[in-house]
Amino acid sequence: MAISAIRFDRVSRHFPGVVALRDVSFEIAEGSCHALCGENGAGKSTLGKILAGILSPDSGSFELFGKPARFRTPADARAAGVAIVHQELAFAEGLTVAENLCLGDLPVRGLFVRFSQMADRARRLLETIH
Numbered sequence: 001m002a003i004s005a006i007r008f009d010r011v012s013r014h015f016p017g018v019v020a021l022r023d024v025s026f027e028i029a030e031g032s033c034h035a036l037c038g039e040n041g042a043g044k045s046t047l048g049k050i051l052a053g054i055l056s057p058d059s060g061s062f063e064l065f066g067k068p069a070r071f072r073t074p075a076d077a078r079a080a081g082v083a084i085v086h087q088e089l090a091f092a093e094g095l096t097v098a099e100n101l102c103l104g105d106l107p108v109r110g111l112f113v114r115f116s117q118m119a120d121r122a123r124r125l126l127e128t129i130h
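Sequential numbering of the sequence shown, starting at 1, is according to our numbering.
Derived Cβ-Cβ restraints for the label pairs, each shown as a range: (1) 120 with 80: 19 to 27 angstroms; (2) 3 with 23: 17 to 25 angstroms; (3) 94 with 12: 35 to 43 angstroms.
For the record, the hints were derived by calculation from the structure and aren't laboratory data.
Backbone N, C-alpha and C define an ideal beta-carbon position, used for all residues, glycine too.
Model the full assembly from the supplied sequences, consistent with the hints where possible.
Printed below as a string of structure tokens:
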């Protein structure tokens, strides 16, 4: 049996007065594509933020390719190959796809963005998902 690319096991997260996630468990196979669907407040963004190291779960765990993972920061997640592209347009209104994909790690030389390097990086990222 193949190892899952991502596996959540009984992940929970609470905020004051709100249970955002309660015992969420599921697996995602390598090379597959999934969508998290649900109403506002269902916990989709919270789960993504846990995976990307923006938030920590209150309980439960997750694995990447069969190994336990717990990121303290988004930089920890990026070092493991995990990043999130937020869908809220207000954060990056008017930016190109390449600018949005590289927003957390713009290729720069001094004070100047290296646009051709950014376009190359975005192209490589997009090629990984075909």
